[in-house]
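Start from the sequences, fold in the hints, and give me the full structure.
Number 468 in the UniProt record's numbering belongs to position 468 of the sequence shown; there are no gaps in the numbering.
The reader is advised that the hints may include incorrect statements.
[Unchecked claim] Simulated pairs of lysine to aspartate or glutamate, EDC-like, Cα-Cα distance not exceeding 20 Å:
1) Lys726 to Asp636
2) Lys714 to Glu728
3) Lys815 to Glu842
4) Lys815 to Asp847
[Unchecked claim] Cβ pair distances, simulated, as ranges:
5) Arg533 to Gly830: 43 to 49 Å
6) Ala447 to Trp568: 52 to 58 Å
7) Lys726 to Arg290: 41 to 47 Å
8) Leu402 to Ala1010: 43 to 49 Å
9) Arg533 to Glu774: 44 to 50 Å
10) Gln813 to Thr1101: 55 to 61 Å
11) Asn1049 to Ala967: 22 to 28 Å
12) Thr743 to Arg533: 37 to 43 Å
None of these hints come from the bench; they were simulated from the model. Beta carbons: idealized from backbone N, C-alpha and C, even for Gly.
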Amino acid sequence: MQVDLEQQFPGPRVSLRQVFPNAGTDTDTDTNIDIIAIHGLDTNSPDTWIWADRSDPTIKYNWLQHPDMLPAKVKRVRIFTCDWPAELLQKSVPTTLEESARILLDSTKRHLAVRRQTTSRPILFIASCLGGIILIKALEMDDSGGHDESHSPSLRKATRGIIFLATPFRGTAFKDMPNWMLTVWASLQDRTVTALIEYTKKPTPVLGELLVDESSASLQGFASQRLNRRHVLMNKFTPECEDFEFVSNKIEDIRKEICAGTSLEQADAHIRDKYYSEERLKIEQLSGDRLSMDHCYINLAIIEQPDRAAGRSEGSESKITVPHSSPFSLSSRLKIETPDQEMQVELQTLFDPRPGPNRDLMYPRRILIRGRAGIGKTTLCKKMVHAFYRKNHKNAAIWNKLFDRILWIPLRTLKAKHHDNFESFFLGTFFVDTPNRKHFAKELEKASGRTLFILDGLDEVSEGLNSDHEMNTFLASLLGQPNVIVTSRPSVRLSGKFHPDLELETIGFYPDQLESYVEKAFAHPDVGDSNSRKVNEILSYLERHQLMQSLVRIPIQLDALCYTWSEWSHSKPVPETMTQLYNAIELKLWKKDFVRSRERIGKSIQNARDRSEIEVWVKTEMLLVEFFAFSGLYNDVINFEFSERDLIYAHFQKFHGVVSSEGKTIDDILAALSFLRTSDASSENRKTTYHFLHLTFQEYFAARYFVRQWTSDKQDLNCLQFSIGKTECLKAGGFLQNEKYNTRYDIFWRFVAGLLQVKSDDSQLCHFFNTIDEEPRDLFGPAHQRLVMHCLSEVQSQETADFKRLREQLNDQLKQWLVFECKLVDKEYGIAKLSAEMEFPEPILEDLLSREPERTKFIILRSIAKRPRLSPTIIEAAVSCLGNNSSDDLKTAVLKLFQQGCTRLVMLAMAKDLAKNTQSDKAQPLNILGAVVALLKDPDNKVRNSASKALERQSNLPAKIVNAVGALLKDPDNNVRISASRALSGQSNLPAEVVNASNLSAEVVNAAVALLKDPDSNVRYSALEILQRQSNLPAEVVNASNLPAEVVNAVVALLKDPDYHVRDSALRVLGRQSNLPAEVLNTVVTLLEDPEPHIRNYTMTILGNQLSIVSDEDFHSFLLALDAESFNGLYVFKGEARMFL
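In structure tokens form, the structure reads like this:
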């Protein structure tokens, strides 16, 4: 349905009539340029364009419309005539000029607005006589050329060519025009503008001072051509006319140039189609296969506002808000915690307005994204580029309104060549060996206002931040761009060099993304039924191993796990520790790399069953990688420059001789290894840096080096110091004593403990733990116990009697420390930090929760609530604390464990517990869920609130529990009703067997509807939450997504509730309905004037969704029902047209 745009462009308008091809035909849709012809003074369309034979008036030719004339000469165009009110010229010329130009401007912008939903066509104008002056004035008046076009399209930007037919540029009545024409001319650079003038010595009747001569029809800068014809015939041609042939050829030439694009458009097309090739944007998995961009999950979270920004080291803590986090946990160290929802930022909302430091609304355009190695920063850059240029991607529509192009610049390329300016950089980066490259670079340099710069890897050129560095000036220019995203590792200190509007951090997979990735990893069509089996195996494995689940939330780690999974079978146990997992990944990748690089040994190494057989073939390379990793860790280096690699190679040769018998350099070897990544494989070695897949791989190989030396006779560590280029020989035991409490080595020591168990008998392992226990010791802090706990977590329980006794001794020390810590901390707010970590032994916690005083239990429960996940064993131990004599504080502490969500295994345990309680007449011990439901009626408000939140976080409660909670909706106690409402609001998708299990399910929902009239706004809000989140309620209550009329009416009444939380929730309930009646939409429209911005925004979304599916008849009924105030505020979509009212 074509929609009028009166409200956006009020006042008189000119008529745009399509004369070719017929509107709505196939020919009409297969066009890419609009030609608009504007007539001259004291005439109109179509008469202006028609040549008539004086001797035979029946012979007429409209050269714009006749199929043998212009339509036959130019291809894939639509031709319009513009009938502007030339009779207005009876008024004074200056007033009429302004007035006529405004009418023309509004009309053509309306034309652009209506059509841009389907495609964005450039315009070629044909302007006759004074029509050209009116057009230029309209272009000069257009103020949207450099601004956001989401509401008002730009005529200047759409205008790509102009043919002027005898336009009086220097007529005496217009002698002041060239000054303002220069402004328009500047904006029309790189477009085709041609003036065709008449050349005649014959007297021209009438129009004295406006008579067009060669001088008047020419303006400096325009390409002018002569036509030997009278002024009145400048816009009239016959098919045989030579001037028509000349004019039509000129129009076709301009059309071709428009199709080719401006220099800037050609530059953009080259970057889009050539530079951003599939090869450049590919994401390669460890297997060598390419990963689809749709499977790349990159999560962002706000960590700091710019006024608090400061440099941090790689290991320092960020200010990201995480609800369940210990700063010493593995997930915290790896930066993979799930932040609070309000801190999460989706890619498509990156540039959305948000509260600034002073709570004022800001529009972020300069963004800093920090992230550790291997977390996916460069993948994020590739994903942003891919999404921007992919038309059907959800990001494209949003970002294309703000930017015309994205320039992704890996900053390490600045090291290859010095650049003084953008033109030089663009030439050497985007337009190498490209025709017109210099012109492209110049145009691109001038277009920075609509360019988004993605500067990837500031940490790799951090030396350029120093004012005396040769790179500083150009790097500062890049960082100073108005639209810029900068990625960096956390270690870079900005020191005022870059002031971001928004600072974010990349974090690991969210739990649901982890599951989705695993499913897609085994979704190859040739795999068959084994897909689901492998997926379930991995997911079950991760459920049982919480530490592993934290680890594989790093993208590269999950890729490695999926790639390596086939190595394990029912006869070969899966890894139980992080060390075992990395060991398996390492061996798999050694096999892969040497099958690829050495065909002669490929079959032999593939058949190798364990490490000793593989090491026969690749021992030298193993030794090199281990020394390489340890040297980097010792020097706190992650990116290995050429000079550092040269040092490593020289000292390695000193200790081990020649690296490769095949004459390969160290870089040849490193480049062939899957464990490492290069900054730019196409660059020469001296300009290339290397880094491990992830810091944990570097720590693993460094630990292998340490263990190799620890178990040797001399126990010497060759510690290469990059700063002086010399090696210091240290004893392994002394190194352990010096660095055991250094947090930078925490994961390294974990790997050492795990590798010692794998590599040697338990004597070396016992020696390691005994050495840790030696002086110096942290006697007054938890550092010592934490180190012991972390290292014990990497040692499996299948140990000798000697180590078993040592473990019992160490566990006893951990228990004593935890009890001591619980006595020290504040009861109201204190946390026992050791027990908050996943590595703390669960048997100790079970023991303490069963027999310690209530104060100790309370602090332990509060502490373990900080864990990201809880095992069934811990949940059962916690529920055992819910006896009749338990205090309210203890009950609340237990319930808070449920509020963070439970693993699938915990939910299964709950279901089994509940089943036992319903299948037996004999009283059973207190079941988990039943205990929580009972607490909804607890006299203490804190307990009720915690119980409701605990149930709210469980998305699929059993039918018996749902019904029990639903009964509480009728409780006379207002607070109990609120708690029950909140608990039910978390049930997002009840299974059919649960819904149909009891007639009470329908009563639960009916009770919720009744609460919509409750006098307490909290109750009304909670009741709406129940309705909002239901997607599979009983059929008699909800049919698909359409609530019954009485329920809808009850919800509509709440749109006028004084509590904005209630209005918002009511609006979201209605937003889920597929077809709302017109009278409901009329009420919804009133919320466009709501004082809350988010309610106004969501109202527009609902109206857009609703009006895109209603019939034209219903749509018109809806419009007629609106009052004027609502009508003026409406902004909706209808069919393919956008309506601005």
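Could you work out which of the previously given hints the structure breaks and list their numbers from low to high?
No numbers; nothing is violated.
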